[in-house]
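Colleague: To convert, take the position in the sequence shown, counting from 1, and add 387; that gives my numbering.
Source of the hints: derived by calculation from the structure; they are not laboratory data.
Just so you know, not all the hints are guaranteed correct.
[Unchecked claim] For each label pair, taking beta carbons as the anchor points, the in silico distance ranges come out as:
1. R449 with A418: 38 to 44 Å
2. C422 with M448: 36 to 42 Å
3. E393 with K469: 22 to 28 Å
4. G419 with A465: 44 to 50 Å
5. D437 with A465: 18 to 24 Å
6. G396 with I416: 29 to 35 Å
7. A465 with A431: 28 to 34 Å
8. E393 with C422: 36 to 42 Å
9. A431 with G458: 38 to 44 Å
10. N400 with A453: 21 to 27 Å
11. E417 with E468: 36 to 42 Å
12. A430 with G396: 22 to 28 Å
13. R403 with E457: 29 to 35 Å
From the three backbone atoms N, C-alpha and C, an ideal C-beta is built for every residue, glycine too.
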Amino acid sequence: MQVDEEAVGAVLNRLRRAQGQLAGVIAMIEAGRDCKDVVTQLAAVSRALDRAGFKILASGMRQCLAEAEEGGAPMSEAELEKMFLTLA
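Given only the sequences and the hints, what does the whole structure look like? Please build it.
Modeller: As structure tokens, this is what we get:
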């Protein structure tokens, strides 16, 4: 299963945002910035990664449902659960 074309742009934007934010966190730590500022920025990285992950999951679920409707082999409940738990 691949990320569908509709979701790819959003996923890449979110991952690039997280990449830039993570670079900011590293620079803040190297510069000796206040811990509260670093944690706040790190939380933003986490949210961006979570949003990218959820978009990928949504894409996978959409494909799973479409394949089931077309008579294909749907993703099992255990596989879907594992995908969600990897983000926890």
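Colleague: Decide, hint by hint, whether the structure agrees.
Modeller: Quick rundown of the hints versus the structure:
Against the hinted window of 38 to 44 Å, the Cβ-Cβ separation of R449 and A418 comes to about 43 Å, which satisfies the hint. As the Cβ distance of C422 to M448 is approximately 38 Å, the hint placing it in 36 to 42 Å holds. A C-beta distance of roughly 23 Å is found between E393 and K469, which places it inside the suggested range of 22 to 28 Å. For the pair G419 and A465, the beta carbons lie near 47 Å from each other, so the given range of 44 to 50 Å is met.
The given range of 18 to 24 Å is respected by D437 and A465, whose C-beta atoms sit roughly 22 Å from each other. At about 31 Å, the CB distance of G396 to I416 agrees with the hint of 29 to 35 Å. At about 33 Å, the CB distance of A465 to A431 agrees with the hint of 28 to 34 Å. Take E393 and C422: their Cβ atoms lie about 40 Å apart, and the range 36 to 42 Å holds.
Under the hint 38 to 44 Å, the C-beta atoms of A431 and G458, about 43 Å apart, fit the expected range. A hinted range of 21 to 27 Å for the beta carbons of N400 and A453 is consistent with their spacing of about 24 Å. Between E417 and E468 the beta carbon distance is about 40 Å. The supplied range of 36 to 42 Å therefore holds. Between A430 and G396 the Cβ separation comes to about 24 Å, which falls inside the hinted range of 22 to 28 Å.
The hinted range of 29 to 35 Å is satisfied by R403 and E457, whose Cβ atoms lie roughly 33 Å apart.
The structure agrees with every numbered hint stated previously.
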